[in-house]
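Note that the protein sequences, when read in sequence, are chains A and B. Numbered according to our numbering, the first sequence spans residues 1 to 207. Numbered according to our numbering, the second sequence spans residues 208 to 398.
No lab work stands behind these hints, which were simulated from the structure alone. Worth double-checking, as some hints may not be accurate.
Capping the alpha-carbon separation at 16 Å, the derived lysine to aspartate or glutamate pairs in EDC-like fashion look like this [what the hints assert, rightly or not]:
1) LYS28(A) <-> ASP260(B)
2) LYS28(A) <-> ASP261(B)
3) LYS377(B) <-> GLU338(B)
4) LYS28(A) <-> GLU338(B)
Listed below are several chain A residues computed to face chain B (Cβ distance under 10 Å; list not exhaustive) [stated by the list, open to error]:
5) VAL17
6) LEU22
7) GLN69
8) GLU70
9) PHE72
To list a few chain B residues with every Cβ distance to chain A over 10 Å, as calculated [said to hold, decoys possible]:
10) LEU246
11) LEU271
12) VAL280
13) ALA335
14) GLU356
15) ARG369
Just so you know, these numbers come straight off a predicted model, no measurement behind them. Ideal Cβ positions, reconstructed from N, Cα and C, are used throughout, including at glycine.
As a plain string of letters, each chain reads:
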Amino acid sequence: MTTPSRMDPGGVPVFSVSEAELAGLAGKLAHRAEDECLLEVAYRIVDSPVGRLLLAATERGLVRVAFEQEGFDGVLSGLAGRLGPRILHAPWKLDQAAAELDEYFAGRRRQFGVPLDFVLSHGFRLSVQQRLPDIGYGRTMSYRQVAELLDRPGAVRAVGTACATNPLPVIVPCHRVLRSDGSLGGYLGGLEAKATLLALEDRAVAA
Amino acid sequence: MDARGGARPHVLSPGGDYGVMTMMQPFDLAVRTHGATVLRVCRAVLGPGPDADDAWQETFLAALRSWPDLDTVTNLEAWLVRVAGRKAIDVLRARGRHPVPVEELPDTAVPPTSEFDGHAALWTAVAALPERQRLAIAYHYLGGLRHTETAELIGSTPEAVRRAAADGLKSLRGSYDGQARQGDEEMRTTS
């Protein structure tokens, strides 16, 4: 594939450059940016059974996992506003996260070890999100049970909000939180994605 | 689930009309949106190869360093093209004003794909133009700068730039049509 030039001055052929060449140049640029400490956020896009995922990391760790339906460009713009605009495609900075997700989706990993950066969360939401990994692989809890776990039995709605604003879905398992009647509740990546993750964990536990 | 393994691309496509950016735009978007234009300008001045690639790198590194201060730039692409122009002219001057001998164009710098082969004749024809014509075409036609801006950049007058661009295009049409009419046909159908 090629990107045609914006102008085609009468009779002169289109000056095309290939996407592969540009990707190579952009990759080298990202490495040089890292060397000069000019890389604030690195991102990468991976395939998964719940669609393409955008992974983003700061120097401190994985900071964002986004579903395609959130709109990757919008997610990157949001990160630019919150964390800094020097964002580049630097897939090697997310090798560990990508490998662990790969193992998780293959049913071979039940906990994540990749360093996490919770800078996007604050207050009660942060407390909820940091507790969610306590819900074991293949198990579920209701929003109410999570509220009780945090000694805030009245904060059922706030738990729902904390799950809905989880910046690190899949890794921080908000998909394991359901309504009290057992129905799925909501999910940033869509209910189908939530069901897929729960079914995957069920199968792996049963195996 | 390797990032290069799937059928769908794992890089985002160029943005839409993002000529005007604010400091809060992800820098990645600027690379995706303007990378191709900047590369064309560098190649037109320096020929495809390591020198053009270096000028491209230096241009975007300069932009990355100043990125938070570039929120007042109303036309980012023109800013990038001007920086690329200055970087490329520096390299030209370092070459001692000798025109690039066409047979020495480093064709190994770019993977020898059939896609590139189809365009090699065009870049070769551009490289063979006199420097003034090459610069005028690079900055005005490929970079989108006005003749007045191009004149300022290369130390000339708008009228002389206009003439050089017209002469360059004319000779490009002639030499390119002669050399590679068939490649042109292919390019138009595949681009």
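Q) So which hints don't hold here, by number, going up? A) 4, 7, 8, 10, 11
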